[in-house]
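Residue 86 is where the sequence shown starts when you use this note's numbering, and the numbers rise one by one after that.
Hints are computed from structural coordinates only; laboratory data are not their basis. Every value quoted in this text rests on a predicted model; they were computed, and no experiment measured them. Take these hints with a grain of salt, some might be off.
Here are the simulated lysine to aspartate or glutamate pairs, DMTMM-like style, with alpha carbons at most 20 Å apart [stated by the list, open to error]:
#	residue 1	residue 2
1	Lys100	Glu471
2	Lys196	Asp260
3	Lys196	Glu145
4	Lys393	Glu443
5	Lys273	Glu294
6	Lys87	Asp472
7	Lys228	Asp160
8	Lys394	Glu443
9	Lys273	Glu297
10	Lys393	Asp464
11	Lys96	Glu471
12	Lys196	Glu143
13	Lys338	Asp580
14	Lys196	Asp185
15	Lys273	Glu238
16	Lys87	Glu143
17	Lys456	Glu471
18	Lys228	Asp104
19	Lys355	Asp405
20	Lys393	Glu413
21	Lys394	Glu413
22	Lys454	Asp464
23	Lys414	Glu471
24	Lys273	Asp289
25	Lys355	Glu297
26	Lys96	Glu108
27	Lys96	Asp464
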Amino acid sequence: MKHAFPHDELKPLTKSFTDSLSELGNLKLQHLPRNYNGSALTLIESLSSLVIMGNNTEFERAVTWLSENLTFNIDARINLFECNIRVLGGLISAHILATDSTNRLVQGCYKNQLLNLAEDLGRRFLPAFDTPTGLPYAWVNLKYGVMEDETPETSTSGCGSLILEMGALSRLTSDPRYESAALRALRKLWSMRSSLNLLGTTLDVTTGEWIEYSSGIGAGVDSFYEYLCKAYILFGKEDYWRMFHSAYLAVQKYFRHGPWYHEADMRTGKATYWQLTSLQAFWPGLQVLVGDIGAANSSHREFFYVWKKFGVIPERYLLDHQMLHPTEKYYPLRPELAESTFYLYQATKDPWYIQVGESIVNSLNLYTKVKGGFASVRDVTTMQLEDHQHSFFLAETCKYLYLLFDDSFLVDRNYIFTTEGHPLPILSSWHERLPEAYIPTNWTYAKSEQQTRRASAMSRQVCPAIALRSGYGVQQVESACHIPDSRADHRCFSDEECGIDSSTCRRRSCSMAGYCGLWIQ
Numbered sequence: 086m087k088h089a090f091p092h093d094e095l096k097p098l099t100k101s102f103t104d105s106l107s108e109l110g111n112l113k114l115q116h117l118p119r120n121y122n123g124s125a126l127t128l129i130e131s132l133s134s135l136v137i138m139g140n141n142t143e144f145e146r147a148v149t150w151l152s153e154n155l156t157f158n159i160d161a162r163i164n165l166f167e168c169n170i171r172v173l174g175g176l177i178s179a180h181i182l183a184t185d186s187t188n189r190l191v192q193g194c195y196k197n198q199l200l201n202l203a204e205d206l207g208r209r210f211l212p213a214f215d216t217p218t219g220l221p222y223a224w225v226n227l228k229y230g231v232m233e234d235e236t237p238e239t240s241t242s243g244c245g246s247l248i249l250e251m252g253a254l255s256r257l258t259s260d261p262r263y264e265s266a267a268l269r270a271l272r273k274l275w276s277m278r279s280s281l282n283l284l285g286t287t288l289d290v291t292t293g294e295w296i297e298y299s300s301g302i303g304a305g306v307d308s309f310y311e312y313l314c315k316a317y318i319l320f321g322k323e324d325y326w327r328m329f330h331s332a333y334l335a336v337q338k339y340f341r342h343g344p345w346y347h348e349a350d351m352r353t354g355k356a357t358y359w360q361l362t363s364l365q366a367f368w369p370g371l372q373v374l375v376g377d378i379g380a381a382n383s384s385h386r387e388f389f390y391v392w393k394k395f396g397v398i399p400e401r402y403l404l405d406h407q408m409l410h411p412t413e414k415y416y417p418l419r420p421e422l423a424e425s426t427f428y429l430y431q432a433t434k435d436p437w438y439i440q441v442g443e444s445i446v447n448s449l450n451l452y453t454k455v456k457g458g459f460a461s462v463r464d465v466t467t468m469q470l471e472d473h474q475h476s477f478f479l480a481e482t483c484k485y486l487y488l489l490f491d492d493s494f495l496v497d498r499n500y501i502f503t504t505e506g507h508p509l510p511i512l513s514s515w516h517e518r519l520p521e522a523y524i525p526t527n528w529t530y531a532k533s534e535q536q537t538r539r540a541s542a543m544s545r546q547v548c549p550a551i552a553l554r555s556g557y558g559v560q561q562v563e564s565a566c567h568i569p570d571s572r573a574d575h576r577c578f579s580d581e582e583c584g585i586d587s588s589t590c591r592r593r594s595c596s597m598a599g600y601c602g603l604w605i606q
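Given only the sequences and the hints, what does the whole structure look like? Please build it.
Listed below in structure tokens is the structure:
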């Protein structure tokens, strides 16, 4: 606030600012606006963090300033995905927090100003969806709509991670256009999956054709998986669960290699790039929501090992060569490892995750803290700093670390967090119907007696770490995709009596000797 407000982001080394909203996702810095002076991006991103940390006074000041000063009638070409998760999501979440029953604001001072701003922004998004496929352009000018000769290339995340914010906007305004546009794009994207239920990374929104067939769980795809799961939790629509169920099993089957996840060709499932990217560290947190705690813990420990090795987590690490990527050696204060640590501690209450959080905090203070704020790391081998504090540092990194040590905000409340860390409440009025996973009878045991078709924990919508009763006793379901063999001793007469392997999510088969196993590669 001292050095950058009301501009977009802080430059902590020089104690100055950058108006970066139009630069987000714009690697080539094309079509930058000339007279743009910022939209208080970091302040918008920090609204829910202020509430979570109990600073209602500053929250009220921020809401008042934004209500009186913020406008989106600006000649600026912005990235739809980034503006959606950062600005629209920040405004919607803050509006909900300003109007809940806790009386955070002085009575009578708030009259839905943030929701009005969010609705205005949402209307400015809609021209991006005017394509032959319904898939939105990656870029839209907030004042003039889609530019002539705009690039039709976008990412899977870019057009498949809009449903939480735009769906919430529709529920709050009773205007179905926002949710309908996002849902149409999501369904079109899902229809483009391969026969293996895999998607690529980049595509053409005018033709609906894939440009890049290789993908994984990292950049360009990550939040697509996240939003399928969270949209089901938030809205209760079974379509979201069915899509996520199929997509999750495909990821576990074709991308997973032990605790790591490589990239693969969506058409064949063949591995393409063996690399860790820092954005992948969100995956264990998502697996906690599914209940796949064992798999989440396994991957999280490997990510933390890389963090300890370098002091922070590098943007890209080549698994096949056990070395850093030659150019992507930076750490821009990303939150994903802290996020997964928070989720795993909430699920297990294992104090080891508190130690992980302490290690992350100590590293941030040791390597990135400067007099003017916290600076990104340009090179993890030298810890040379870069003059940039991204808005997501306060929106996510600090928030998840705070919640790890003090989760009082969550007591007696039920939220999901968007991919930018903005909390949205789970409300029965937003649900088409209560998801089966929330029915108490499914919380402990799954009924499996008299079942002719055995199923995984995901298909039954129950936590994997439970006991399933069968005719041969009680068997543990070890992961979300795991289907136990029919017999506890793994004996079999046919493939139908064999289940799904818990680690690889591949179907087991019956050997000539009469035992179930992964005999066919």
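Satisfaction of hint between aspartate 464 and lysine 454, Cα-Cα up to 20 Å: holds (15 Å)
Agreement of lysine 87 and aspartate 472 with the hint, judged by alpha carbon distance not exceeding 20 Å: holds (16 Å)
Restraint status (C-alpha distance of lysine 394 to glutamate 443 at most 20 Å): holds (16 Å)
Proposed proximity, aspartate 160 with lysine 228 (alpha carbon, max 20 Å): holds (5 Å)
Straight-line alpha-carbon gap lysine 394 to glutamate 413, limit 20 Å: holds (16 Å)
Lysine 228 paired with aspartate 104 [C-alpha distance capped at 20 Å]: Holds, at about 17 Å.
Satisfaction of hint between glutamate 413 and lysine 393, Cα-Cα up to 20 Å: holds (18 Å)
20 Å Cα cutoff - pair lysine 196, glutamate 145: At roughly 12 Å apart (the allowed maximum being 20 Å), glutamate 145 and lysine 196 satisfy the hint.
Restraint status (C-alpha distance of lysine 273 to glutamate 294 at most 20 Å): holds (11 Å)
Pair hint lysine 456 and glutamate 471, alpha-carbon separation not exceeding 20 Å: At roughly 14 Å apart (the allowed maximum being 20 Å), glutamate 471 and lysine 456 satisfy the hint.
Hint consistency between lysine 338 and aspartate 580 [alpha-carbon to alpha-carbon, up to 20 Å]: Distance of about 19 Å is within 20 Å: holds.
Lysine 393 paired with aspartate 464 [C-alpha distance capped at 20 Å]: holds (15 Å)
The structure is consistent with each of the numbered hints, conforming to all of them.
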